[in-house]
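> Sequence:
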Amino acid sequence: MGNIYLFLLFMSILFSTIFKNAKASEGVVVWKNWYRISQFKCLKDQYSKEFVIVNANYHDTGEVDSNAELNIINARAAGIENVDIYMLPCIKSSSCYRKCLGARKSITTVLDHLNKNNAKFGRVWLYIYGLTDCDYKVEWNKYNKTENIEFIDEMVTTLKERKQPFGFYTTKYNWHEITGNTIKYNDTPLMYRNLDNENNFDDYNEYGYPFGGWEKPTIKEYKSTKTCEINVANILQI
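According to mature numbering (1 follows the signal peptide of the UniProt record, and there is no 0), the sequence shown holds residues -24 to -1, 1 to 214 in order.
Simulated from the structure, these hints should not be mistaken for lab results.
It is possible that some hints are incorrect.
As the list claims (entries may be wrong) - Derived SDA-like pairs (lysine to any residue); straight-line CA-CA distance at most 25 Å: (1) LYS199 with LYS160; (2) LYS192 with TYR119; (3) LYS148 with ASN173; (4) LYS(-2) with GLU182; (5) LYS68 with ASN120; (6) LYS(-2) with GLY98.
What the hints assert, rightly or not - Ranges between beta-carbon positions, derived for each pair: (7) ILE13 with GLU191: 35 to 41 Å; (8) LYS(-2) with GLN22: 29 to 35 Å; (9) LYS192 with LYS136: 29 to 35 Å.
In this text, all values refer to a predicted model and were calculated from it rather than measured experimentally.
Every residue, glycine too, gets a C-beta built ideally from N, C-alpha and C.
Just need the whole structure built from these sequences, with the hints factored in.
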């Protein structure tokens, strides 16, 4: 018992040292609307936001979010060079009148549209989320985690075929409930969500272990605010 305690203490100190010694930068996640160049410039100049992650699709169909390309282009025009996108998978549409595009087509549709319109971005973050959020009825199969992983695998394969950098955007709870805490993607960057209002990574080793096999994350979402007349999720990157 004593050895286990000492090991956990050592790991906690190790993670804390790694995170504190790493140079961190602040950014935001934006969604729902399109925003002006002046608003992105406000984020950069007045609030020192160095990067932006833009919602790229509608979660209930998988189709391209019509605001995505404008937000990417406007953020870059404001001087923010580091712009990524995130996609919330549409597994099963919540409407009888709409159908999801499916894992592969939802990826290719977004990539093709943004490339065609010269909306340049870096990484695609796959948002593995939805079981605990009433606003996102994503319809993951809570009883068949193998089926969920197969869907994720198809998205990952498509991104790899397109040589498109990607990562995962999730929470510890959702990763456990949706994938059974699979570790097969632990060589991929992780952005995790924990709204504790703390712009540090001290919480990551909570419960004594990292999830999904990720020894350390790349980005943390830690707070939601309204800044420069934009509803944003504040994120920290190392």
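> Run through the hints listed earlier and report the numbers of any the structure violates, in increasing order.
1, 2, 8, 9
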